[in-house]
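Engineer: Those protein sequence lines, which keep their order, are chains C and L.
Residue numbering for the first sequence follows this note's numbering, beginning at 1 and increasing consecutively.
Residue numbering for the second sequence follows this note's numbering, beginning at 1001 and increasing consecutively.
Hints may be right or wrong, so weigh each one.
As the list claims (entries may be wrong) - No farther apart than 20 angstroms at their CA atoms in a straight line, the calculated lysine to any residue pairs in the SDA-like style are these:
#1 C/K147 x L/A1238
#2 L/K1275 x C/K147
#3 L/K1027 x L/I1105
#4 C/K8 x L/R1171
#5 L/K1128 x C/D155
#6 L/K1275 x C/D155
Unchecked claim - Derived CB-CB ranges, DEER-like:
#7 C/A300 x L/E1297: 23 to 33 angstroms
#8 C/N264 x L/G1129: 27 to 37 angstroms
#9 L/K1027 x C/D3: 25 to 35 angstroms
#10 L/N1025 x C/A5: 52 to 62 angstroms
#11 C/P260 x L/P1330: 28 to 38 angstroms
Unchecked claim - Short derived list, chain L residues pointing at chain C, Cβ under 8 angstroms:
#12 V1268
#13 E1297
#14 A1329
#15 E1331
Hints are computed from structural coordinates only; laboratory data are not their basis.
Just so it is clear, CB atoms sit at the ideal spot from N, CA and C, and this is done for glycine as well.
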Amino acid sequence: MTDIAHLKREILRGVVRDNLDLVEGRRREPLRPIQRRGRPLLLAGALVVAPLALFLSLNAFTTGKGERTDVVVVGAPSAPAAAPVEAVLPAPKGMEPSLFRLDVRTVVLDAGHGGPDPGARTAAGLTEKEITLDIARRVRRMLTAAKLTVSMTRDGDAALSLRDRALFANGRKGDLFVSIHVNSMPMADAPGVETFFLGEAADARVERLAGDENRDSGYTLHDFRRLLEGVYTGVRQNESRTLAASVQESLVAALRARNPKLENRGVKSAPFAVLVGTEMPGILAEVSCLSQPEEARRLADPAYRQAIARALADGVLAYAESRNHPAGKRS
Amino acid sequence: MSADKDVLWVGVDLGTSRSSIAASNGKRHVIESFVGWPVDMVAKKVVKKPILFGREALENRTMLELHRPLERGLIKEGSARDEEAVRELLKHLLGLAAPAKGQKIHAVVGVPAEALRVSRQNLRNAVKGLADSLMIVSEPFAVAYGMEALLHTMIIDIGAGTTDFCVMMGRFPSEDDQRTLTHAGDSVDEQLVGLIKARHPSGRFSVHMVREWKEKSSFVGDPPAPVVVKFPVSGKRAEVDITAEMKRACESLLPPITETMLDLLSRVEPEFQEKVQQNIILAGGGSRIPGFAAALEKALADFGGGRVRAVEDPVFAGSTGSLSIATDAPESDWEPLSA
């Protein structure tokens, strides 16, 4: 075999491998702990946290007073289904999810808006629904490369109610839920990023924003009240806040390098309907601001969307890493 | 390549502006990447077809819902029709390759690198059922493979929606070996429209006219000849010299492409950097801009010099490269990749 023929054969193997990865559901390597490689990589996030969905679902195996049992979830081939909302109501307070040493295996990405709902829009016709989907697909690729299973609430221009999105996330047994949005703040002087977890509205502007994003939620008032009762049990909210902080920190660090004027609008709580119905730690990230002309121009550039996606993915992976290796307790 | 007469191998270059197909039976076709559906029953009666492609679609655009589905190097969002348009475009191209009845089709489809990065699963879904087996690759990689430029080479594929860079170092390129810019043919069109409008506010012309002017008369550096075009100004048909606007619009590609080329070169292992510098290949429609390769060589002069050449046949370089991949892949490689 000549050198070029050998080279072509080797490269062809790469082509085939790459395409096999494309085939839906096919994964070349199983999810593995990174310790196997002896490097404390972010990939370790793949085997880290006790995501609240799993944590809460463990309640089904506890005495109801919150004691741990010997039910082994670590290493199970796939995460067990999150318990229905009614079952999680007696969730214990003050427990540390990392005690369970559970894995984050499945991340559900939610590209905001879609279908007849374009979300925010620039004068040039760039829409929030296009940008969020593009970024979500990039994040999917990055998290998949980090050996996580990623599901997307929409992978095309689909119309989905917020309720449908939450039901999808629960049905996919997601361990984390990340909803991606782009802000529109015509009165703001500078673009900014902010990340939300479920809670009361931090201020009047956030309340208006939540109102906008909650349109067409698909929930009845009864559903909403029942779901809210299951929310403030503490643990899921705490984990969501930690995840939000990790993502926000990553977004600000990465995007300020490209735009020093970028405002860090911080981590805030807000009553976003899409976060109410999801049964796992969840956040809603407003990753940019379409009403800012300069930012709209940047968002048209794939390299900028790639940077946002990288920051989101890094934030998720860093969260997972921190849960796996709490301070002073490395394993 | 197997001599199996039951299989037709095809290579497709699914581009933002043009799409081409090259098949193992010797057929080669190129069409503009436009797909149009008649807007109503009247239009359907006039055009006499349920769907039109390429130039024919463009010429009848007033009666059509016209789609150029891979704009900005991605399957466009906002309309499910764009995914359908990709599917119809590929179906049309495969039809042009004229497979024999009952013949299996093994297809390698080259797409803009950004589409591969972001919309790969959608692309695969879009072509489901059209071929028996399918591989999707990036366009610059297909060009490199077809030219056997697999080692110490940089491909710069200047398309309509994106400019894709791919450094070949004797391995299947990773994401780090590739870059994408949105400075490409479409951005030249937009600049040209703006510049001509600024000088002739009452001039009337479409982006399609501007695209044709660019394809005939683009250049960087010294103009080979004055660029004079005709369009109505204040209602009167006028001859307008757009040489300065053409130069400025085409040269707007140089800074971002030069910068990215130099950045990628700086990341090549030092012992191989000079070899890559001497082996830079321009592909895509932009490779036909007179003076472009020379301008990049001039930029390389400050870094020890380099050689930049254009592919001989930019229209078919991607599809023939994809066909080479298709024919080189043994049957066992195709089996798990059924579409």
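Engineer: Checking against the hints above, which ones are violated?
Structural biologist: 1, 2, 6, 8, 10, 11, 12, 13 and 15
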